[in-house]
Every structure is written in structure tokens, then in C-alpha cells.
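Residue numbers (our numbering), protein chains in the order written: chain W, 1 to 257; chain Z, 1 to 257; chain F, 1 to 257; chain X, 1 to 257.
Simulated from the structure, these hints should not be mistaken for lab results.
Here the structure is a predicted model, which is why all the values come from computation and not from measurement.
Some hints here could point you the wrong way.
Because identical chains cannot be distinguished in the list, a pair is counted as satisfied if it fits within a single copy or across any two copies.
[What the hints assert, rightly or not] The list that follows gives simulated cross-link-like pairs (lysine-lysine, PhoX-like), each with its CA atoms no further than 25 Å apart:
1. K137 to K45
2. K219 to K106
3. K219 to K61
4. K152 to K219
5. K137 to K61
6. K77 to K137
7. K77 to K61
8. K106 to K137
9. K106 to K152
10. K219 to K77
11. K137 to K219
12. K45 to K152
There are 4 protein chains.
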Amino acid sequence: MNTTEITVLEEIELDNPIFIEALPGLGHVGKLAADHMIDELGATKFAEIYSPTFPPQVLVKEEGIIDNMLNELYYLKDVGEDNLDLILLVGNTQALSPEGQYLTCKEILEFVNQFDIDRIYTLGGMVTSPQPVENPKVFGAATCEENIELLKEAEVEIRSNDGGIVGASGLFLGLGIRQGIQGTCLMGETPGYFIDAEAAEALLLKLSLLLNFEINTDKLDERAEETRQMIAKAQQMEQDLINKANAGNADDLRYIG
Amino acid sequence: MNTTEITVLEEIELDNPIFIEALPGLGHVGKLAADHMIDELGATKFAEIYSPTFPPQVLVKEEGIIDNMLNELYYLKDVGEDNLDLILLVGNTQALSPEGQYLTCKEILEFVNQFDIDRIYTLGGMVTSPQPVENPKVFGAATCEENIELLKEAEVEIRSNDGGIVGASGLFLGLGIRQGIQGTCLMGETPGYFIDAEAAEALLLKLSLLLNFEINTDKLDERAEETRQMIAKAQQMEQDLINKANAGNADDLRYIG
Amino acid sequence: MNTTEITVLEEIELDNPIFIEALPGLGHVGKLAADHMIDELGATKFAEIYSPTFPPQVLVKEEGIIDNMLNELYYLKDVGEDNLDLILLVGNTQALSPEGQYLTCKEILEFVNQFDIDRIYTLGGMVTSPQPVENPKVFGAATCEENIELLKEAEVEIRSNDGGIVGASGLFLGLGIRQGIQGTCLMGETPGYFIDAEAAEALLLKLSLLLNFEINTDKLDERAEETRQMIAKAQQMEQDLINKANAGNADDLRYIG
Amino acid sequence: MNTTEITVLEEIELDNPIFIEALPGLGHVGKLAADHMIDELGATKFAEIYSPTFPPQVLVKEEGIIDNMLNELYYLKDVGEDNLDLILLVGNTQALSPEGQYLTCKEILEFVNQFDIDRIYTLGGMVTSPQPVENPKVFGAATCEENIELLKEAEVEIRSNDGGIVGASGLFLGLGIRQGIQGTCLMGETPGYFIDAEAAEALLLKLSLLLNFEINTDKLDERAEETRQMIAKAQQMEQDLINKANAGNADDLRYIG
């Protein structure tokens with residue numbers, strides 16, 4: 001129970017796939033980009049990941065149907081000009097505790113590396129200013145100079161000496177370094193506090209350039225709008241709840257028999 | 001020691017029982033409803049659950065007698081028109097840490113599923129407004145459409161796309177999904193910061209409708225009043241303690257030899 | 001490493017000893033009382049307890065000498081009219097995390113119960129008002145009615161229905177209940193934010209009455225004064241440190257290579 | 001995975017080395033001093049330490065190259081007049097959780113003690129006032145009187161009865177006490193909120209006096225300046241991020257699918 005449970009839905013074979021991580025983060029930039037890729041390019045889910053390191057809750061979706069906190073693995077074969085195989089990691093959460101992050105990322109990487117991962121891309125958002133920017137930039141960092149050169153060719157801005165990459169987007173690259181798998185992080189510029197379709201589009205365009213595939217981004221806005229509505233509703237309820245808790249000390253109820 | 005300790009008080013046989021979770025939460029709505037069921041329908045305690053994931057404390061009850069933080073399992077046989085067997089999970093606490101929540105819920109579900117659980121109901125409160133409402137609604141969510149239909153027939157309001165169900169009321173349903181056990185969450189509308197007998201009554205009426213049994217709710221108010229007094233006293237003492245700690249930095253005393 | 005390390009300093013034999021817990025807590029009431037007993041009655045240290053659940057630090061004592069965070073076990077033989085054997089648990093800290101509290105208390109109780117513990121007393125402080133009180137009361141609670149009666153005979157105030165006893169003073173009693181060892185908690189009335197010699201004296205007098213031994217409390221004030229000075233110095237330094245951290249964000253330095 | 005991973009880069013032999021800990025802390029005083037020693041005296045890295053107890057992130061260094069959170073072990077042979085062998089522990093982080101601190105320090109000490117450690121020195125900063133001081137003092141504490149005497153001879157100020165030494169600088173000394181290895185802590189006086197080259201210089205001069213070696217400190221200022229710039233940049237980005245999170249509740253985005 002203390003370890004990640006990976007349920008395989010389909011036995012597949014892949015040819016040195018590229019592993020793309022896009023779990024929820026700042027502005028949902030990476031998640032939105034990857035969900036769109038899955039939809040547009042017709043990726044297939046082949047595994048579900050469940051972990052006691054996730055937040056201890058379930059989600060209420062459309063029509064009152066309950067869903068677990070989950071990560072999911074999708075695959076795509078023969079993508080773009082270079083006929084690349086891809087594995088995408090998406091989901092509705094990341095591990096909650098620092099050690100849970102290390103544990104879960106390590107077990108997921110071990111699982112996907114059975115396919116002999118060629119490279120890792122991690123997708124996220126990066127905040128440069130509180131105001132929304134007109135033409136969001138895409139920032140990058142990588143585990144080796146060779147990948148930095150590729151980023152420069154694709155006109156990705158190189159981050160330099162500027163702190164850390166926190167969470168799964170950082171840890172997968174760090175674990176990759178330890179296992180000799182090279183990796184790159186792409187971050188779309190975003191104010192971070194709303195579902196940012198423009199940053200996701202900018203990110204996707206750079207990724208498609210780097211991996212040499214084509215993707216239609218017309219429906220990205222639509223998808224962002226849907227997510228926005230769902231979150232607005234959830235935030236309203238959580239805010240009400242916090243107000244009440246503060247007003248009446250609801251927490252104190254917890255321990256009394 | 002790092003796992004849940006379940007002490008069996010009576011060996012029983014049950015016929016595909018329904019598992020009802022009602023641990024302490026918002027407005028104590030679920031707990032109050034289940035404690036009342038246990039009392040009115042004469043349920044029998046058959047197991048006690050003790051865990052290092054509970055808050056590290058004991059409770060002082062009537063006449064200075066000390067009690068452990070515990071969860072308890074009760075059973076009822078041949079309830080209502082459908083002669084249902086029920087297992088009720090109640091107690092004075094839930095696990096404290098996120099991973100403790102996952103661990104404890106999983107171990108409890110494994111234990112009760114030795115009786116081949118038919119369905120899971122989790123009972124809780126839901127905050128919609130800071131003001132007490134006149135006729136509290138009952139909200140619902142479920143793990144499958146079939147149960148959503150049953151909720152609609154019972155005129156339970158369906159939550160939709162509105163965030164999460166946190167803690168044991170969520171996790172038991174999520175664990176159920178993974179084990180092929182269907183489940184439903186019922187939530188009584190409550191401001192959340194007092195022991196809410198009216199929300200508990202509304203909840204109980206819907207549950208009795210769904211499970212087809214009759215229950216007298218006359219004494220619910222009385223029970224709520226008792227609990228209210230006990231909590232008021234405890235909160236007063238905790239508040240004094242917090243005031244002092246803030247005033248004089250009592251915490252700093254802890255580490256000095 | 002993840003468990004408590006108990007170093008036995010002397011192999012001893014005891015006759016159904018009474019186990020007295022007095023780790024640091026509110027107003028240091030229990031600790032001060034027990035340290036005084038050890039000194040006045042000439043108790044002998046027979047074991048040291050070290051645990052990764054303690055705060056991750058060491059203490060700087062007199063003349064710059066460094067000491068570990070430790071709990072210690074002392075024994076006394078043939079105390080008072082009833083020739084009681086006693087084990088006292090003292091130290092400079094308690095476990096830091098909730099699960100650490102459960103784990104450490106359980107392992108210590110297992111260790112001392114090799115001597116067939118007769119009863120448990122846990123000593124602590126209790127805050128009733130922010131102002132220092134002239135004649136501090138002693139409050140009590142117990143795991144069975146028999147002990148409550150003894151408390152009443154000794155004119156200890158019985159707490160009733162008023163919340164919890166948090167930390168080691170609560171957990172040892174709760175663990176005792178589970179192992180069939182009866183126990184009593186004595187709490188000296190204290191504002192909680194200074195080293196309270198008067199509360200410790202009141203507590204000691206009740207304990208000596210209950211266990212039927214005599215003890216001179218003249219030096220308690222002196223001992224409290226020493227501890228007070230040591231703590232004042234430590235608090236001043238911590239406050240400076242916090243001020244600086246807030247002013248300059250010293251925490252941010254931690255992760256930069 | 002739950003334990004420290006130590007990668008040996010070079011098999012070495014050392015003659016009862018002195019173990020010097022200098023992980024990041026207040027004012028980066030210890031780290032700066034040790035990094036300078038490594039540079040000036042030409043120390044060789046012989047092991048890298050990776051742990052799930054470190055913060056769950058990676059660092060972006062020069063030119064966008066990503067680096068793991070790591071601790072590193074360097075050695076020096078025949079240092080100074082006394083021909084001492086030294087092991088230096090440096091890195092970009094310490095363990096994050098209290099139990100992680102105990103675990104990681106214990107495993108590192110076990111590893112380096114294969115060389116039969118003679119003594120331990122831990123290097124850190126100490127805050128005495130919010131204003132920068134002109135001639136920073138060096139404070140000390142030790143596990144035995146013999147070492148206190150050596151500190152006094154070197155005109156190090158002895159801390160006395162003044163609270164704790166938190167983190168690796170404290171724990172290594174405490175673990176040393178338990179294993180019969182004597183140790184000393186040296187702390188450079190610093191306001192704590194900037195990279196303090198002057199405090200590091202003062203610290204280094206005392207250490208070189210105690211260990212009887214010579215070291216040129218001319219480039220310490222330069223090194224401090226570089227680190228300062230890197231941190232200023234990182235702090236700016238983190239602050240922007242915090243502002244945004246507070247403004248727009250970015251955290252709430254995390255759990256929505």
C-alpha cells in the first residue's frame with residue numbers, strides 16, 4: 001500500500017519512446033498542452049497509476065460521478081516526420097509530500113523505462129509577471145548541452161542560474177540524470193493563476209517543432225474554457241468552506257467523541 | 001505498530017452487508033446520524049480500530065474517565081423491508097496525515113470486505129452558506145450511474161463537477177471503485193461549525209428511504225444538544241490554551257532540558 | 001534507525017514498579033516535579049532513550065558542552081510507607097510528529113513493562129487562565145473509576161468531559177488501557193508560559209499523598225529559577241533569529257548551490 | 001529508495017581523517033568556507049549523496065543545465081603542519097523533514113566512518129544581531145571539555161546554555177557522541193540573510209588555526225559575490241511566484257482534473 005499501484009490496461013510495444021510528463025502545475029500549462037495532444041493525435045491510455053501519496057480525496061465529475069485521484073499513461077506511435085513513439089504522463093494530481101514526490105516519480109520512471117526511454121520532456125508553466133503577457137514565451141532547461149543547443153535552435157529562452165524546478169517536472173529530469181537518460185524541461189510563460197490556453201499553445205508549438213510533428217491548436221481555447229468553469233465552481237465552494245471554518249472553528253469538531 | 005490494529009469483539013456472520021461510513025466531519029452530520037441509528041435500531045459493536053495515524057492524544061469523558069481515540073464497527077441484521085445487513089463505521093476521529101488516511105481506510109475496507117460488502121454509503125456534511133438553512137438539503141454523488149438514478153428517485157440533489165470529497169467519506173468510495181464495490185456519498189447541508197441535528201435528520205430520512213427502513217428521529221435534537229455542550233467546553237479550554245501559547249511562547253519551553 | 005534506541009546503563013530488578021511519565025510540557029510542571037523527585041529522593045538513571053522522532057538538533061549546555069535530545073529512565077526502590085518501586089521517565093524533549101509520538105511511547109512502554117508495571121502516572125500542566133493563580137489546583141483524570149475515587153480522596157479536581165490530553169501524558173495512559181495497565185493523569189494548574197515551580201509543588205504534594213511518601217519541596221523554587229534563566233537566554237536568541245529570517249528571507253538560502 | 005544513495009566516485013584510503021560538515025545554513029557561512037577550502041587546497045570529490053529526504057526539485061545552473069539536489073564528499077590528504085587527512089561534506093541542500101535529517105546524517109556518518117574518523121567539525125553561522133557586524137566573531141561548542149579548551153586557546157567564543165544547534169551541524173555531533181567520536185561546532189557571527197564572506201573568512205581563520213594549516217582567503221569575497229547574484233535572481237522569481245499564488249489561489253488548481 002505504501003507504494004505506487006500501476007494498473008496496466010493494455011500490453012504494448014514501443015520503439016525507444018520519448019517520455020513526456022505533464023502533471024498539473026502552474027497555470028495548468030503542461031497539463032492542458034498534453035491533454036490536447038492526447039485528444040488531437042488520438043493517444044491511447046495503457047496504464048493507470050494510484051498512490052497513497054496523492055491527496056486523500058476523490059473528485060466529483062459530471063453528473064455526480066466520483067473519480068479517484070489518478071495519474072494516467074497514454075501512448076502514441078509513429079508521430080510526425082521522425083516516426084517517434086511517445087508516452088504521455090497526465091492526471092489530476094501530483095504526490096502531496098516531498099518524499100512522496102521522490103517515491104512516486106521513481107516508480108513511474110522505472111515502469112516506463114521498461115520501454116527503453118530515449119529522452120524525457122517535462123512540461124510546465126513559469127511565472128514571470130503577475131500580469132497576463134500578450135505573446136507568452138517558452139522557457140527551457142536541460143540535462144546536457146546538446147539539448148540546450150536544440151532548444152536554442154527552436155528559439156526557446158534558456159533559463160540560467162535561476163533557482164529550481166519543483167515537483168514532478170524537476171524530479172523526472174533529476175532521476176533521468178542518475179540513470180543516463182537525457183531530458184528537457186519546457187515552461188510556458190503564465191501568470192499562473194488561471195488555466196492558460198495561450199501559454200499551452202506556445203508550449204505545444206515549441207514541442208511540435210522539437211519533435212517534428214504537426215498539431216492543430218484550434219480547440220485549445222475551448223478546452224481551457226471548460227476547465228476554467230469547473231475550477232471556478234470548485235474554488236467558490238472551497239472558499240465558502242474556509243470562511244466557515246475560520247468563523248466557527250469547525251476543525252475543533254474533529255476530535256470529540 | 002505502523003498499521004491499524006483491529007480488535008474483534010464478536011465473531012459474526014453477515015449476508016452481503018452494506019457498509020456505512022460516518023466518521024467525524026463537517027457539522028458532525030454523518031456521525032450524529034449514524035450514532036442515532038446505532039441507538040434507535042440497537043446496533044451491536046463487534047470491533048474496535050486503533051491506529052498510530054490518529055491524533056496523538058486521549059479524551060477525557062464523563063467523570064474524568066480517559067478514553068482512546070478509536071474507530072468502532074457496529075452491525076445490524078435484517079434491517080427494514082429489504083432485510084438488509086448493515087455495518088456502521090463510527091468513532092471519535094479520523095487519521096491525521098494524508099498517507100495515514102489512505103492506509104487506515106484501506107485496512108478497514110479489507111477487514112469489512114471479509115463479509116462481502118454489497119455497497120458502500122459514506123455520510124457527511126456539505127457547506128453551502130455560512131448561515132444556517134431552514135430546510136437543509138441532502139446532496140449526493142456516486143461511483144456509477146445506477147446509484148445516481150437511485151439518488152434522483154429519492155430526491156437527493158446531485159453534486160456535479162464541483163471539486164472533491166476529502167477524507168474517509170471520499171477515500172472509501174475511491175477504494176471501492178478499485179475493488180469493484182459500488183458506493184454513494186450522502187451529504188447534509190450544514191453551516192459546518194456546530195453540531196447540526198437538522199442536517200443529520202435530513203440525511204437520515206434520505207438514507208432510510210434509500211435503504212427502505214423506518215427510524216424515529218425524535219431524540220436527535222437531544223443528542224445534538226449533549227454533544228454541543230461537551231464541545232463548547234472543550235473549545236473554551238483549547239482557546240485559553242492558544243491564547244496563552246501566543247502570549248508567552250509556551251512552545252519554546254518544549255526543547256529545553 | 002527508524003525506531004527508538006534504548007541504551008541500558010544498569011541491569012536492575014524492580015518489584016511491580018509504578019511508571020511515572022514527566023516529559024516537557026505546559027509550564028514544565030511535570031518535568032520540574034519529576035526532576036525534583038529524582039534529586040531529593042536520589043533516583044538512579046538506568047537507561048537512555050534516543051529517537052529519530054525527536055527534534056533534529058542538539059543542545060548547548062553549561063560551558064559549551066553539547067548534549068543530545070534524550071529521554072531518560074530513573075528508578076527508585078522502597079519509596080515511602082508502602083515501599084513502592086518507581087520508574088521515572090524524564091528528558092529534554094518529546095517526539096515531534098504525531099506518528100512519532102505513538103511509536104516512541106509504545107516502544108518505551110514495552111521496555112518498562114518488562115518490570116511488570118503496576119500502574120501509570122503521567123504528570124503535566126493544565127491552563128485554566130492566562131493570569132498566574134495564587135494557589136494552583138491539581139486536576140486529574142484516570143483510566144478507571146477506582147483511580148478516580150483515589151483522586152477524590154486526595155482532593156484532586158476531576159476533569160470531566162473537557163477535551164483531550166495531548167502527547168506523551170495522554171498516549172501512555174491510552175496504551176495502558178489497551179494492555180490492561182491502569183493509569184492516572186495529574187495536571188498542575190498553570191498559565192503555561194513560564195517554568196511554574198508553584199504548580200510543580202502542588203502537583204508533587206498530591207503525588208506524594210497518593211503514593212504515600214514524603215518529599216521536601218524547599219529547593220523547587222531554586223530549580224525553577226535556574227531553568228527560567230536558561231530558557232530566557234535561548235528564547236532571546238531564537239527571537240533574534242526569527243526577526244532576521246523574516247527581514248531577509250534567510251530560508252531562501254537553503255536550496256541554492 | 002527510502003534511504004540515502006551514496007555513489008562512490010573514487011576508492012580512497014585515508015589516515016584517521018577529520019570529518020568536516022558544511023551544508024547550507026544561516027548566511028551560508030559554513031558552506032562558503034568549505035567551498036573555498038576545496039578550491040584553494042585542491043580537494044577531490046570522491047562520493048555523491050542523493051536522498052528522497054532532500055527537497056523535491058532540481059536546480060537550473062549556468063546555461064540552463066539542470067542539476068540534482070546533492071550532497072558531496074571531498075577529501076584532502078596531508079593538510080598543514082600536522083599532515084591531516086580531511087573529508088569535507090558540502091552540497092546544495094539538507095534533508096527537509098526532521099526524521100529525514102536523522103536518517104540522512106546517520107547514513108552519511110556510517111559511510112565516512114569506514115575511514116575511522118578521528119574528530120568531527122561542523123561549520124555554520126550564528127545570528128547575534130540583525131545588523132551586519134564589523135569584525136564577526138566565531139562561536140564554538142563541543143562534545144567534550146578537551147575540545148572546549150582547544151577552542152579557548154584559539155580565542156573562539158564559547159556558547160553556553162543557550163539553546164540548540166539545529167540540523168546537520170547539530171546532528172552529526174550528537175551522532176558522534178553516541179559513537180564515541182568527539183566533535184566541535186564552529187559558527188561565524190552573521191546577520192544570516194545574505195551570503196556572508198566576512199563571517200566565512202573569520203570561520204576559516206579559526207579552523208586553520210585549530211587544524212594548523214594555511215589558507216589564502218583573498219578570493220572569498222569574489223565567491224560570495226557570485227553566489228549573491230545567483231540567489232538574488234532566484235529570490236526575485238520565487239517572490240513573484242508567491243505574489244501570484246496569493247493573488248489568484250494558484251494552489252487550488254492542483255487537484256482538478
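Comparing the hints with the structure gives:
no., hint, in the structure
1, K137 to K45, "neither (30 Å within a copy, 39 Å between copies)"
2, K219 to K106, "neither (34 Å within a copy, 40 Å between copies)"
3, K219 to K61, "within (21 Å within a copy, 36 Å between copies)"
4, K152 to K219, "neither (28 Å within a copy, 34 Å between copies)"
5, K137 to K61, "between (33 Å within a copy, 20 Å between copies)"
6, K77 to K137, "neither (29 Å within a copy, 50 Å between copies)"
7, K77 to K61, "neither (30 Å within a copy, 34 Å between copies)"
8, K106 to K137, "neither (30 Å within a copy, 45 Å between copies)"
9, K106 to K152, "neither (29 Å within a copy, 44 Å between copies)"
10, K219 to K77, "within (22 Å within a copy, 55 Å between copies)"
11, K137 to K219, "within (20 Å within a copy, 38 Å between copies)"
12, K45 to K152, "neither (32 Å within a copy, 32 Å between copies)"
Checked against the numbered hints listed earlier, the structure breaks hints 1, 2, 4, 6, 7, 8, 9 and 12; every other hint is satisfied.
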